[in-house]
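Novice: Using the sequences and the accompanying hints, generate a full structural model.
Quick note: the sequence shown uses our numbering, first residue 137, plus one each step.
Among the hints, erroneous ones may be present.
[Unchecked claim] Derived DEER-like restraints, expressed as beta-carbon distance ranges:
no.	residue 1	residue 2	range
1	S260	L226	19 to 25 Å
2	P214	T246	30 to 36 Å
3	S245	V221	20 to 26 Å
4	E204	V257	40 to 46 Å
In short, the hints are calculated from the structure, not lab data.
Everything numeric in this text was worked out from a predicted model, so none of it was measured.
We put the CB at the ideal spot given by N, CA and C, even for glycine.
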Amino acid sequence: MQVTAPPASATADAQTDTRARTGRGLLVITTGALVLAVLMIVHIRQGMASISPGTIVDAIINPDGSPEHQVVLYARLPRVVAGIVAGAALGIAGVLLQAVTRNPLASASTIGVNAGAYLAVIAS
137 MQVTAPPASA
147 TADAQTDTRA
157 RTGRGLLVIT
167 TGALVLAVLM
177 IVHIRQGMAS
187 ISPGTIVDAI
197 INPDGSPEHQ
207 VVLYARLPRV
217 VAGIVAGAAL
227 GIAGVLLQAV
237 TRNPLASAST
247 IGVNAGAYLA
257 VIAS
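Specialist: So this is what it looks like as structure tokens:
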């Protein structure tokens with residue numbers, strides 16, 4: 137039996153496809169990070185005290201103890217970070233649920249997790 141190498145054009149096409157997927161993934165991650173940063177600034181600006189985006193960035197990079205910086209660092213930023221961590225944890229939980237059940241359509245309601253949660257609520 138004679139082993140032959142794949143044609144050069146097939147190898148070049150595979151490399152081009154891999155580069156395109158890598159570039160697309162990098163674009164998606166970069167865009168998501170930028171959208172997240174913009175939404176963080178929008179969320180931190182919301183509230184009784186009007187805070188400019190420049191003040192938010194300055195409070196994170198170079199805090200000086202002014203009232204605006206204290207509001208950003210001790211009231212609004214922890215809430216944003218907690219929301220991001222909670223969202224990431226829920227996303228990871230969903231991925232793990234789908235990986236464990238080997239079902240891309242798996243959700244808490246389709247495998248009975250909700251029914252167990254209802255039972256725990258009623259029992260308590």
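Novice: All the hints need checking, so say for each whether the structure fits it.
Specialist: Evaluation of the provided hints:
1. S260 / L226: 19 to 25 Å: Roughly 23 Å apart at Cβ, these two residues keep to the hinted range, so it holds.
2. P214 / T246: 30 to 36 Å: Once the Cβ atoms are compared, 35 Å apart, the range 30 to 36 Å for T246 and P214 holds.
3. S245 / V221: 20 to 26 Å: For S245 and V221 the Cβ distance comes to about 24 Å; the hint holds.
4. E204 / V257: 40 to 46 Å: Given range 40 to 46 Å: holds, Cβ gap about 42 Å.
Checked against the numbered hints above, the structure violates none of them.
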